[in-house]
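First to last, the sequence lines map onto chains A and B.
Residue numbers for the first sequence follow the numbering used here, so the first one is 356 and each next one is one higher.
Residue numbers for the second sequence follow the numbering used here, so the first one is 61 and each next one is one higher.
Hints are computed from structural coordinates only; laboratory data are not their basis.
Built from N, CA and C at the ideal position, the CB exists for glycine as well.
Mixed in with the good hints there might be a few duds.
25 Å max Cα-Cα, derived DSS-like pairs, lysine-lysine [as the list claims (entries may be wrong)]: (1) Lys365(A) x Lys87(B); (2) Lys365(A) x Lys125(B); (3) Lys81(B) x Lys365(A); (4) Lys508(A) x Lys162(B); (5) Lys508(A) x Lys118(B); (6) Lys82(B) x Lys365(A); (7) Lys535(A) x Lys557(A); (8) Lys365(A) x Lys162(B); (9) Lys557(A) x Lys573(A); (10) Lys87(B) x Lys121(B); (11) Lys365(A) x Lys121(B); (12) Lys88(B) x Lys170(B); (13) Lys357(A) x Lys81(B); (14) Lys556(A) x Lys535(A); (15) Lys359(A) x Lys149(B); (16) Lys357(A) x Lys162(B); (17) Lys365(A) x Lys170(B); (18) Lys118(B) x Lys357(A); (19) Lys149(B) x Lys365(A); (20) Lys149(B) x Lys534(A); (21) Lys413(A) x Lys573(A); (22) Lys170(B) x Lys359(A); (23) Lys549(A) x Lys573(A); (24) Lys435(A) x Lys556(A); (25) Lys81(B) x Lys113(B); (26) Lys149(B) x Lys508(A); (27) Lys101(B) x Lys143(B); (28) Lys87(B) x Lys359(A); (29) Lys359(A) x Lys113(B); (30) Lys143(B) x Lys118(B).
Among the chain A residues that face chain B by a calculated CB cut under 8 Å, a handful are [stated by the list, open to error]: (31) Pro358; (32) Leu378; (33) Ser437; (34) Gly438; (35) His451; (36) Leu507; (37) Pro510; (38) Thr511.
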Amino acid sequence: MKPKILQIRKGILESNDLAAQKLRKDFSQKNVLVINVVSSPGSGKTELLTILIKKLIKKGLKVCAVVGDLATDNDALRLKSSGASSYQINTNGNCHLDANMIEKSLKKVPWKSADILFIENVGNLVCPASYDLGENMRIILMSVTEGEDKPLKYPTMFNSADICIVSKIDLSEAVDFNKKLAIQNITSVNPNIKIFESSAKKGIGVDKIIDYITSLIK
Amino acid sequence: MHELSIAQSILDTVRTNLRDKKTVIVKKIHISLGVLSGVEKESLQFNFDLIPKDKLFKNVKLLIKENVLEVYCPKCKQKTKIKNSFVLKCAHCGNLTSDIVKGRELTVDKIEI
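Bound conformation, chain A alone:
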């Protein structure tokens, strides 16, 4: 029997994309700025978010955070110390967050009355790139200790981000970090990306990021 061919033409991640679209609509209705933060493990997502959130709250803004982790709730506890309502999404070994996990986690934080919702993704430079979480903005962190060629090794992730924060900038000298080369690599895989630099520990560059984020709040 001759095989019958059926045209499907559907996105493989369609169910995630539809869930993300619904989230994006809900977020925009409540006027919440949603920021998805991605990086490799240990780039300093939690450290930077803790200081950013503290400063944003000081400015009178309401901030919520949900954070994905494979096993522990350490990060949520650290974020809580900054004053934000936070919730830990335990992915039980899963390497990324998806839109359904976000939808469920939203029951645990008062996001509807917030100005900003941070989503701290699982530390991983591969898988989270493919999953839309309904965010308005994706920030990728790249620490100086990781090497200048990270964007060339993980182009999909760098290409999917709107903002790149070069973190741990205070360690540049110790690791012989070539900033010019790093920026060249970042823009070669994403010419439109906006680049910041920071050191959460030393408080360098944090205010510039705060100014940028607050400029986006309506």
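Fit chain B to the given chain A structure using the hints.
Just chain B now, with coordinates in the frame of chain A:
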């Protein structure tokens, strides 16, 4: 790493879009995979063969068409196919461009039953 979830999503996508789930058996699934989709071809093929399948997908084969990266340059209005790198540079004028025409796709194109 997430190729296992992607493999499962492929089966789910076909199942959702198939009207007659009772009498047919899906023999082949054709998908398109852009090099910038974040999914690795070999790993996906391996994981796809590994996952348990019910009667609908008994002995199903996954055929993957890999799409290279293609960008459009707004400056000189030409397209460039980018091979062996992910540097989004126009081959005609050297301008960097973020206008990606091809390379991000992750779609089920057709099936054979």
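Hints, verified against the model:
1. Lys365(A) x Lys87(B): Within the cut-off at roughly 18 Å; holds.
2. Lys365(A) x Lys125(B): holds, 15 Å
3. Lys81(B) x Lys365(A): holds, 17 Å
4. Lys508(A) x Lys162(B): holds, 19 Å
5. Lys508(A) x Lys118(B): Distance ~37 Å between lysine 508(A) and lysine 118(B) Cα, so the pair is violated.
6. Lys82(B) x Lys365(A): Holds, at about 21 Å.
7. Lys535(A) x Lys557(A): holds, 22 Å
8. Lys365(A) x Lys162(B): holds, 16 Å
9. Lys557(A) x Lys573(A): violated, 30 Å
10. Lys87(B) x Lys121(B): With Cα atoms ~6 Å apart, lysine 87(B) and lysine 121(B) stay inside 25 Å; holds.
11. Lys365(A) x Lys121(B): Given that 25 Å is the threshold and the Cα spacing comes to 18 Å, the pair holds.
12. Lys88(B) x Lys170(B): holds, 8 Å
13. Lys357(A) x Lys81(B): At roughly 19 Å apart (the allowed maximum being 25 Å), lysine 81(B) and lysine 357(A) satisfy the hint.
14. Lys556(A) x Lys535(A): holds, 23 Å
15. Lys359(A) x Lys149(B): Cα-Cα ~42 Å, so violated.
16. Lys357(A) x Lys162(B): violated, 32 Å
17. Lys365(A) x Lys170(B): With a Cα-Cα distance of about 9 Å, the restraint between lysine 365(A) and lysine 170(B) holds, given a limit of 25 Å.
18. Lys118(B) x Lys357(A): holds, 18 Å
19. Lys149(B) x Lys365(A): violated, 29 Å
20. Lys149(B) x Lys534(A): holds, 21 Å
21. Lys413(A) x Lys573(A): Satisfied, since the Cα-Cα distance of roughly 18 Å is no more than 25 Å.
22. Lys170(B) x Lys359(A): holds, 10 Å
23. Lys549(A) x Lys573(A): Within the cut-off at roughly 20 Å; holds.
24. Lys435(A) x Lys556(A): Cα-Cα ~18 Å, so holds.
25. Lys81(B) x Lys113(B): Holds - the C-alpha atoms of lysine 113(B) and lysine 81(B) are around 14 Å apart, at most 25 Å.
26. Lys149(B) x Lys508(A): Holds - the C-alpha atoms of lysine 508(A) and lysine 149(B) are around 17 Å apart, at most 25 Å.
27. Lys101(B) x Lys143(B): holds, 16 Å
28. Lys87(B) x Lys359(A): holds, 10 Å
29. Lys359(A) x Lys113(B): holds, 21 Å
30. Lys143(B) x Lys118(B): Violated, at about 36 Å.
31. Pro358: Check passed: Cβ of proline 358(A) comes within 4 Å of chain B, closer than 8 Å.
32. Leu378: At about 18 Å, which exceeds the 8 Å cut-off, the nearest Cβ of chain B leaves the hint on leucine 378(A) violated.
33. Ser437: It is violated, given that the least Cβ distance between serine 437(A) and chain B is near 30 Å, above 8 Å.
34. Gly438: Nearest chain B Cβ about 33 Å off; hint violated.
35. His451: holds, 6 Å
36. Leu507: Hint holds; leucine 507(A) Cβ to chain B Cβ min 7 Å, cut 8 Å.
37. Pro510: Interface hint status for proline 510(A): holds (3 Å vs cutoff 8 Å).
38. Thr511: The hint holds - threonine 511(A) has a Cβ within 8 Å of chain B, the shortest such distance being about 4 Å.
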